[in-house]
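Same order as they appear, the protein sequences are chains F and G.
One gets the numbering used here by counting positions in the first sequence from 1 and adding 15 to each.
One gets the numbering used here by counting positions in the second sequence from 1 and adding 67 to each.
It should be emphasised that the hints constitute simulated quantities derived from the structure, not laboratory data.
For clarity, every value in this text was computed on a predicted model and none was experimentally measured.
Using N, Cα and C, we set each Cβ at its ideal position, and we do this for glycine too.
Incorrect hints may appear among the rest.
[Said to hold, decoys possible] Just so you have them, the derived chain G footprint on chain F, three or more residues with Cβ under 8 Å:
#, segment
1, 36 to 46
2, 99 to 113
[Stated by the list, open to error] Straight-line alpha carbon distances no greater than 20 Å define the calculated SDA-like cross-link-like pairs of lysine to any residue that follow:
#, chain 1, residue 1, chain 2, residue 2
3, F, 87, G, 120
4, G, 78, F, 90
5, G, 184, G, 96
6, F, 92, G, 84
7, G, 120, F, 90
8, F, 92, F, 128
9, G, 78, G, 175
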Amino acid sequence: MRWFWIDRFVEFQSGRRAVAIKCVSLGEPHLHDYFPGFPVQPPSLVVEGIAQTGGILVGEYYGFSNRVVLAKISSAKFYALPRPGDQLRYELTIESIQQDGSMCRGVSYLGDKMQAEVELCFAHLNERNQSRELYSPAGFLRMLRAFGLYDVAIDANGQPAVIPQYLLDAERQDLGHA
Amino acid sequence: MAPSDSEIFDKVRQALIDALGVEDDEVTAEATLVGDLGAESIDFLDIVFRLEKTFGIDIPRAELFPEDILTNSNFVHNGRVTETGVAELKKRMPFADLSNFEENPLVQEFGNLLTVKDMCRYVRGKVAG
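Just need the whole structure built from these sequences, with the hints factored in.
Following this line, the structure appears as structure tokens:
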């Protein structure tokens with residue numbers, strides 16, 4: 016199992032906003048354990064999906080040069096429990112971003128109804144406090160591609176976002192094209 | 068029109084309640100952000116964001132957290148801020164009451180210096196332009 020709690024990006028404006036969707040399926044094992052007999056997507060995993068959307072939004076702003084860590088959930092409100100067959104739409108907005116951290120607001124929608132509202136605080140760790148690699152750059156790019164990030168991402172000028180060169184180089188090397 | 072001191076205090080208090088999840092009555096003027104209200108380093112990002120939004124001001128990180136001074140060997144000796152360093156801190160942070168810190172200026176104690184009153188003074192200085 017991969018720790019992916021979004022399925023696809025459907026909108027991505029560098030440094031501003033991102034929208035990702037998550038389809039809830041009865042085929043996912045965790046749905047059967049939260050409330051046995053009443054399968055729902057647990058709120059904690061909704062927050063995780065919102066945080067993954069926000070983490071990538073924030074990380075992309077700095078060309079994925081910092082490690083972005085969810086440091087704090089400032090607030091979280093839930094209005095509905097997502098059921099199998101539901102599609103969640105996570106809309107993230109950067110409220111504030113600085114070199115060492117950022118604040119994002121995330122809203123989860125079920126159709127046109129608000130399902131959850133979350134305020135998140137991310138810490139951006141630089142090289143000094145990155146003692147070990149969590150992802151290989153090639154694996155990281157593979158994940159971004161799986162999310163369809165670069166199918167929809169645009170930069171601040173509305174042009175297609177460019178994949179950082181070091182990720183492309185790592186991918187090429189990984190495929191044996193170096 | 069510039070907000071009154073009590074308006075500033077109420078808004079600063081609300082920002083701290085929202086950022087730290089503390090109760091109204093815990094946020095007194097004398098309360099220290101770290102020691103009394105339990106703020107951790109990541110909370111300062113949250114607090115700064117809320118103050119910027121509430122008051123429409125820009126808060127450069129170095130104004131509230133002069134890490135460059137505290138990590139500079141010209142101003143710190145054996146874990147203590149030197150006299151020159153304290154003078155530099157006073158210059159950088161005119162809103163903060165450094166009298167207690169001055170008595171035993173350990174770098175590790177610096178984080179527990181800021182009080183709610185200091186934050187209000189800082190904001191007042193910013194909104195006054």
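Evaluation of the provided hints:
no.: 1; hint: 36 to 46; in the structure: violated (count 0)
no.: 2; hint: 99 to 113; in the structure: holds (count 3)
no.: 3; hint: F/87 / G/120; in the structure: holds, 19 Å
no.: 4; hint: G/78 / F/90; in the structure: holds, 18 Å
no.: 5; hint: G/184 / G/96; in the structure: holds, 5 Å
no.: 6; hint: F/92 / G/84; in the structure: holds, 17 Å
no.: 7; hint: G/120 / F/90; in the structure: holds, 16 Å
no.: 8; hint: F/92 / F/128; in the structure: holds, 14 Å
no.: 9; hint: G/78 / G/175; in the structure: violated, 29 Å
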